[in-house]
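These protein sequence lines map, in sequence, to chains W and L.
Using my numbering, you'd call the opening residue of the first sequence number 1 and step up by one each time.
Using my numbering, you'd call the opening residue of the second sequence number 1 and step up by one each time.
Hints were generated in silico from the structure; no laboratory data involved.
The C-beta atom is built at its ideal place from N, Cα and C for all residues, glycine as well.
A few of these clues could be false.
Where chain L lies over chain W, by a calculated footprint (3+ residues, C-beta under 8 Å) [to be verified]:
1) 52 to 59
2) 65 to 74
3) 198 to 209
Short derived list, chain W residues pointing at chain L, Cβ under 8 Å [unchecked claim]:
4) Glu49
5) Arg117
6) Arg122
7) Gln151
8) Glu153
9) Pro165
10) Ser189
11) Val191
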Amino acid sequence: MDIKNENFDFELVTDDPVSLTRDMGTGCDNDNAKSMSKWDIMLVRVGRERDKVAFAALFDYFAPRIKSFLLRLGTDMSLCEEIAQEAMIMVWRRAETYNPAQSGASTWIFTIARNKRIDRLRRENRPLPDLSDPAFAPEAVETGEKAIFRQQEEEKIRHALKNLPDEQAKMIFSAYYEEKSHREIADESGVPLGTVKSRIRLALNRLRAHLDEPEGIWKP
Amino acid sequence: MNEQASFNMQVLDALLLDYATGALSLPLEVLVETHLAMNEDSAKTMNMLMKLGGVLLEDSEPVSLSEGALENVLKAIEDDEESAALDTRRLDTNSGFLPRPISDYIPNADHASWRRIGLGLFECDVVFDGDQGRAKFYRIAPGTAVPSHTHSGTEVTLVLEGGFTDETGSYGPGDIAVQEEGCEHKPVADNDGECLVFAINQGDIRLTGPIGRVLNLLVN
Numbered sequence: 001m002d003i004k005n006e007n008f009d010f011e012l013v014t015d016d017p018v019s020l021t022r023d024m025g026t027g028c029d030n031d032n033a034k035s036m037s038k039w040d041i042m043l044v045r046v047g048r049e050r051d052k053v054a055f056a057a058l059f060d061y062f063a064p065r066i067k068s069f070l071l072r073l074g075t076d077m078s079l080c081e082e083i084a085q086e087a088m089i090m091v092w093r094r095a096e097t098y099n100p101a102q103s104g105a106s107t108w109i110f111t112i113a114r115n116k117r118i119d120r121l122r123r124e125n126r127p128l129p130d131l132s133d134p135a136f137a138p139e140a141v142e143t144g145e146k147a148i149f150r151q152q153e154e155e156k157i158r159h160a161l162k163n164l165p166d167e168q169a170k171m172i173f174s175a176y177y178e179e180k181s182h183r184e185i186a187d188e189s190g191v192p193l194g195t196v197k198s199r200i201r202l203a204l205n206r207l208r209a210h211l212d213e214p215e216g217i218w219k220p
Numbered sequence: 001m002n003e004q005a006s007f008n009m010q011v012l013d014a015l016l017l018d019y020a021t022g023a024l025s026l027p028l029e030v031l032v033e034t035h036l037a038m039n040e041d042s043a044k045t046m047n048m049l050m051k052l053g054g055v056l057l058e059d060s061e062p063v064s065l066s067e068g069a070l071e072n073v074l075k076a077i078e079d080d081e082e083s084a085a086l087d088t089r090r091l092d093t094n095s096g097f098l099p100r101p102i103s104d105y106i107p108n109a110d111h112a113s114w115r116r117i118g119l120g121l122f123e124c125d126v127v128f129d130g131d132q133g134r135a136k137f138y139r140i141a142p143g144t145a146v147p148s149h150t151h152s153g154t155e156v157t158l159v160l161e162g163g164f165t166d167e168t169g170s171y172g173p174g175d176i177a178v179q180e181e182g183c184e185h186k187p188v189a190d191n192d193g194e195c196l197v198f199a200i201n202q203g204d205i206r207l208t209g210p211i212g213r214v215l216n217l218l219v220n
């Protein structure tokens with residue numbers, strides 16, 4: 001397939017929600033398809049149909065974000081580029097195992113990039129976990145309901161994050177964006193280790209509390 | 001919740017956050033991964049932390065990849081497809097991606113690598129690549145009290161089988177106990193079976209009881 005010739009069509013495809021849900025082969029009905037983000041749908045297409053146009057769309061959106069994420073972690077520029085590319089190759093290879101009921105495309109791609117980065121920094125091939133591992137998905141709920149609930153969860157996390165007190169949000173951002181362990185956060189910020197731990201606990205409790213609110217059709 | 005239990009929860013959340021962001025050393029990563037497979041609440045928290053990662057990834061300011069990055073990746077994918085056709089093992093989508101169970105590291109009870117270090121107490125070193133702290137398995141016979149000791153570094157212990165009780169609480173399969181630097185403790189294994197734990201320590205262990213002081217002299 002010559003991907004360059006498809007670029008023009010690709011713009012039309014991503015901006016048109018109707019053509020996205022039509023014949024997308026997710027095995028979900030239309031209601032469920034609407035609860036998926038366009039990136040979830042693209043990723044399903046890559047997995048089910050080996051769709052290179054959808055892959056190119058995912059690449060255009062996520063690869064620059066992976067690179068940016070890695071740069072914030074202080075990773076060397078050329079290594080960031082390499083890891084971003086390798087992570088996207090892994091996205092292609094593993095797309096078949098992607099289950100939209102379990103995680104959004106952004107979460108799934110985050111874990112791939114996380115694993116790829118650990119892999120590269122350690123230079124070893126210890127098998128790394130996947131969200132499709134049952135250990136990460138303890139409940140078994142009907143797929144369609146779960147997909148809707150799952151997307152609500154991501155919105156709730158985003159909302160809860162915005163409303164965290166500054167000192168708690170700072171812990172979360174230092175952890176994710178600077179890849180600091182809680183011990184390093186304490187060492188470098190001068191905040192006592194115990195305070196760092198209690199702030200992390202408070203932040204996670206707030207996020208968990210948002211997710212625990214009974215809402216919609218999902219029943220735990 | 002008492003002070004110790006709340007401290008334990010703080011440490012656990014901090015460890016889970018470190019795991020999600022990829023900040024743990026390899027032995028601690030293996031420990032947390034095993035804990036995740038044994039504890040549903042932590043698995044749910046991890047699920048949330050990976051989603052948080054996805055949200056932060058999506059909200060990252062994109063940084064352009066180098067010219068021709070997509071073409072590179074597409075080329076790699078095409079090469080991949082050719083080799084995939086030759087190598088049918090690649091169709092097994094789950095192989096090589098699931099967490100390696102900790103059981104891979106545990107030698108049989110009669111294996112020579114187990115050393116008897118006291119009455120009803122055996123230890124076995126776990127070797128990971130590079131110097132990443134001391135990781136050991138301990139087997140404690142039912143009802144056995146481990147001599148009182150302190151740690152010069154933080155010790156993180158995961159119970160794999162059986163259980164034990166010390167000054168900080170009671171721990172069962174899947175539980176993580178953390179001994180802060182300098183804390184003295186005297187774990188006693190449950191009566192109803194052998195206790196098997198995986199412990200990681202960044203410093204030295206010093207025995208503190210009257211007999212322990214004598215043992216220290218022998219050890220050093």
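Evaluated hints:
1. For the stretch 52 to 59 of chain W, the stated coverage by chain L holds: 4 residues have a C-beta nearer than 8 Å to a C-beta of that chain, and at least 3 were required.
2. Three residues within the 8 Å Cβ limit are the bar, and the stretch 65 to 74 of chain W against chain L gives 7, so the coverage statement holds.
3. Look at the stretch 198 to 209 of chain W against chain L: 6 of its residues bring a Cβ nearer than 8 Å to a Cβ of that chain, three or more, so the hint holds.
4. Given hint, Glu49/W at the interface with chain L, is violated; its Cβ is 14 Å from that chain's nearest Cβ, farther than 8 Å.
5. A hinted interface residue such as Arg117/W counts as satisfied when its beta carbon comes closer than 8 Å to some beta carbon of chain L; here the least separation is about 6 Å, so the hint holds.
6. At a threshold of 8 Å, the smallest CB-CB gap from Arg122/W to chain L is about 7 Å, leaving the interface hint in force.
7. For Gln151/W, the shortest C-beta to C-beta distance to chain L is roughly 10 Å, which exceeds 8 Å, and the interface hint is violated.
8. With 8 Å as the threshold, the beta carbon of Glu153/W comes within range of chain L, its nearest partner Cβ sitting at about 6 Å, so the hint holds.
9. Taking 8 Å as the C-beta contact cut-off toward chain L, the hint placing Pro165/W at the interface is violated, the least distance being around 16 Å.
10. Proximity of Ser189/W to chain L is violated relative to the hint, the smallest CB-CB distance being about 14 Å (cut-off 8 Å).
11. Of the supplied interface hints, the one on Val191/W is violated, with its beta-carbon coming no nearer than about 13 Å to a beta-carbon of chain L, more than 8 Å.
The structure shown violates the earlier hints numbered 4, 7, 9, 10 and 11.
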